[in-house]
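Let's have the full structure, built from the sequences with the hints guiding it.
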Amino acid sequence: MQLSSSDPFRDYDPGAYFCELTSQRADDQGTAGAVKARIGMIGLDALRARASAAETELINLGITFTVYSEASAIDRILPFDCIPRVITGSEWRQLEAGVKQRVAALNAFLHDIYHAGRIVQDGVIPGDLVFGNSNYRPEMKDFPVRFGTYVHICGIDIVRDAAGTFMVLEDNARTPSGVSYVVENRHLMSRAFPDLMAGIRLRPVDDYGRRLLSAMTDIAPEGVSDPQVVLLSPGIYNSAYFEHVFLSREMGVPLVEGADLTVEDDRVWMRTTAGRRAVHTIYRRISDEFLDPTVFRPESMLGVPGLLSAWRRGNVTLANAVGTGVADDKAVYAYMPRIIKYYLNEDAILPNVETHICREPEGLAYTLANLENLVVKPVGESGGYGITIGPRATKAQIEAARAALVADPSNWISQPVVSLSVGPTLTEQGIRPRHLDLRPFAVTGRETWVLPGGLSRVALKEGSLVVNSSQGGGSKDTWVLDDGSR
Amino acid sequence: MARETPLLARYAEGLFWMARYLERVENLARLVDVTQTFESPGREAESWLALVRINADEESFFKRGHSVDADSVKRFYLLDAGNATGIPASLEAARYNARTLRPLISTEMWMHLNVFHRDMLSIAPDDLQGDRLSRICRRIKEGVQTHTGITEGTFFRDQGWFFYQLGRLIERADQTTRLLDIRYHLLVPVAGEERRVAELTQWGAVLRAAAGYHAFRRVAPPGFTPDDVVAFLLTDTAFPRSVALCVEQMEWLLGQLRSRYGLRGTVAALERVEELRAGLTGRAVQRIIAEGLHQFLDGVQRDLILLAGEIGTAFFRDWRPLAEAQSQSQTQAA
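Top to bottom, those sequences are chains A and B. With this note's numbering applied, the first sequence has no gaps in its numbers, which climb one by one up to 489 at the end. With this note's numbering applied, the second sequence has no gaps in its numbers, which climb one by one up to 349 at the end.
Rather than coming from a laboratory, the hints here were simulated on the basis of the structure. There's no promise every hint is true.
Pairwise CB distance ranges (calculated) [claimed, not checked]: (1) A:267 <-> B:161: 40 to 46 Å; (2) A:450 <-> B:286: 51 to 57 Å; (3) A:51 <-> B:137: 23 to 29 Å; (4) A:300 <-> B:290: 45 to 51 Å; (5) A:37 <-> B:145: 54 to 60 Å; (6) A:308 <-> B:145: 54 to 60 Å; (7) B:210 <-> A:75: 50 to 56 Å; (8) A:485 <-> B:161: 37 to 43 Å; (9) B:210 <-> A:77: 53 to 59 Å; (10) B:286 <-> A:77: 46 to 52 Å; (11) A:63 <-> B:282: 39 to 45 Å.
With the C-beta cut set under 10 Å, the calculated list includes, among others, these residues of chain A facing chain B [unchecked claim]: (12) 64; (13) 276; (14) 296; (15) 298.
Residues from chain A that keep clear of chain B, each with C-beta distances beyond 10 Å, as calculated [claimed, not checked]: (16) 28; (17) 55; (18) 130; (19) 210; (20) 251; (21) 260; (22) 263; (23) 273; (24) 277; (25) 388; (26) 405; (27) 420; (28) 432.
Positions of the beta carbon are idealized from the N, C-alpha and C atoms, including for glycine.
Pasting the structure below:
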């Protein structure tokens, strides 16, 4: 066997950023050294060949998302980077506790604002931000949900600064996606790079489907002994259709579309070859406004007429509940540390990124005065759209952001630029640092379980801070080291 | 594992049509291949136009601006994605159905179809020339056969499998009648020994296209006639592509759906199958031929359309709010 002539990590320099593989961590169990040495053994050329074969396999397997332009629909893979991101046991315990705390606070908040609204009366958060929020659903007022769980599936976007501090960047409490890639990346890794992983004890990620099904079974209407769970998808043209397929397979439940369901006498049925069959829990991957044309958008063909009425009658459970969008609003996000304190009487285990709320005069003034140094984000968008990164923007872009801010201040928040951590990533130039985030997934029925690790998204473009798949992001396998303690 | 899982009506429909479209792709490749061997010098265009007639595609063939020559017909079936009965459109439809069925079918089935579909998109006009045509036909056949093998070895045999098989068998029976009908549309010398030899050559090619030549030679009487070939393709229940075997298997599948899965909607479909069987076995093939083979085959094709309709009504369509607009249809309906 010929050893590669040079160490692929020789030119790797994360600079001032925290590196998710190579920065010193007391409990990394020698993993970083092992991974670097093994990559050195494989050599850059072989690594590239295997990485490219792995991506071809993703295409053949149809592990893809669909990108729509005006004229066409193209199936694209989420580019896969074969160098793993490593989370140590102690790091994970902090993340896990922080995510659980956050989910508990989100659910308590939702329960409160759809009941007494104490948090508003007590002046912790402005009432118009909650009740005037476009995602607040008056239909949910005083509606009881089992175990007080509104957000059954939650994805929390976490970044890490130069000092290695984890911070929450965003909550996703509606229909967060990406978990399929967590599991598929691990499968791909173990098929294509078994030699990189050999002997390293990792927390498994295979349990997600079973945990999810168990939560969906827990939350079914009371008195149903063997509940029928289904996954409701907008169908094959949805960009996340692969994930819907994945989840329905992992749970072993039918993937249904709106037209497969019908509501009669406030009960939900699915259409089978043997006639109708009762449905008890719906994990829906359709947004609120398309769920039920009799309540929300009348033109929606994706939903099921009468679904909300059946739910309100307690004959079916929807996950996530309707109206959770108010909790993951980017303006509400700014209040999360106070929300956690208010309901749980605890400090946030995972801090927020400092946030200026432009609907508040001080926030707006500060933002306008410091546009060149801030990231300006619209509160209602997702997918990384509409963001202006001050230090990287042109003069014209800054002025455009300023005009948008002045025109509608309450649509915006701003944050300092976080020096996102990096991970060594295979590029055309060799192994180079690229910025990363992390989206752990929490599943909550009776209680909350967090999938070890999560989706590590990587901004493949040099220097880029935008990790979204729609904007040139890729992903990495996320290793949580198993040190035996939980 | 005794847990009985329900089958979504939409999945049943998707399985039925996925199998059907793939069977159609394989048979089209067989038909194209055999047409090539029928080409007689100076008469190429006629042989190829016969293929269009067999498939009852004259109208769309001319509407899509094709002219009567060998190249046009080959392009119409192998390259023209706008031809609803051609290979690209059928493969596209099969993959579309497979995509909706991904929660149900095996990963291996999906992966193969995905790759097969992509390979077939790369067929170029040059590939249809000379000996390359036969190679392309073989690749297409083998692609579907690989699908069949993967399905046999990996697809879970619950209700869905029965609908899958029904779709495939209805299409296969239909395609065998079309293959048989090829003789009706082809010109042969008017009389005498020359006619007898020409006919036997053509029937030999038909048998080869159906992968039945050697089996036929084993079971055929020494001085066999064209009638024996027709009888073999229509009624020999040991031959996988015979109409009678397909019908026999459909009957078994429908019976299983009824007894194993308690599907009560099988009654009308089973009646259709009985009629089909009676038509095939009720009288000697010589009489069928004497009364007009072409008319008989037309009748079988119509019965198969009605049978597919009964299955659709019982298990797929009445559940669909926009059944008429959305349902897939047998585009070959004569």
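Hint by hint, here is what the structure shows:
1. A:267 <-> B:161: 40 to 46 Å: holds, 44 Å
2. A:450 <-> B:286: 51 to 57 Å: holds, 56 Å
3. A:51 <-> B:137: 23 to 29 Å: holds, 25 Å
4. A:300 <-> B:290: 45 to 51 Å: Because 49 Å falls inside the window, the suggested range holds.
5. A:37 <-> B:145: 54 to 60 Å: Check passed, 57 Å falls within 54 to 60 Å.
6. A:308 <-> B:145: 54 to 60 Å: holds, 59 Å
7. B:210 <-> A:75: 50 to 56 Å: holds, 55 Å
8. A:485 <-> B:161: 37 to 43 Å: holds, 41 Å
9. B:210 <-> A:77: 53 to 59 Å: Given about 56 Å between the Cβ atoms, the range holds.
10. B:286 <-> A:77: 46 to 52 Å: holds, 47 Å
11. A:63 <-> B:282: 39 to 45 Å: Since residue 63 of chain A and residue 282 of chain B have Cβ atoms about 43 Å apart, the given range 39 to 45 Å holds.
12. 64: Where the cut-off is 10 Å and the nearest Cβ of chain B is about 5 Å from residue 64 of chain A, the hint holds.
13. 276: At about 5 Å, which falls below the 10 Å cut-off, the nearest Cβ of chain B leaves the hint on residue 276 of chain A intact, so it holds.
14. 296: violated, 12 Å
15. 298: violated, 19 Å
16. 28: holds, 37 Å
17. 55: Non-interface label on residue 55 of chain A holds, nearest chain B Cβ at 16 Å vs cutoff 10 Å.
18. 130: Consistent with the label, residue 130 of chain A stays out of reach of chain B, its closest Cβ about 42 Å off (over 10 Å).
19. 210: The claim holds: residue 210 of chain A sits with its nearest Cβ about 19 Å from chain B, beyond 10 Å.
20. 251: violated, 4 Å
21. 260: About 7 Å separates residue 260 of chain A from the closest Cβ of chain B, which leaves it inside 10 Å; violated.
22. 263: The assertion about residue 263 of chain A is violated, with a minimum of 6 Å to chain B.
23. 273: violated, 6 Å
24. 277: For residue 277 of chain A, whose nearest Cβ neighbour in chain B is about 6 Å away, the distance does not exceed 10 Å, so it is violated.
25. 388: holds, 27 Å
26. 405: Residue 405 of chain A is indeed farther than 10 Å from all Cβ atoms of chain B, at 46 Å.
27. 420: Holds: least Cβ distance 41 Å, greater than 10 Å.
28. 432: holds, 31 Å
Comparing the model with each numbered hint stated earlier shows that hints 14, 15, 20, 21, 22, 23, 24 do not hold.
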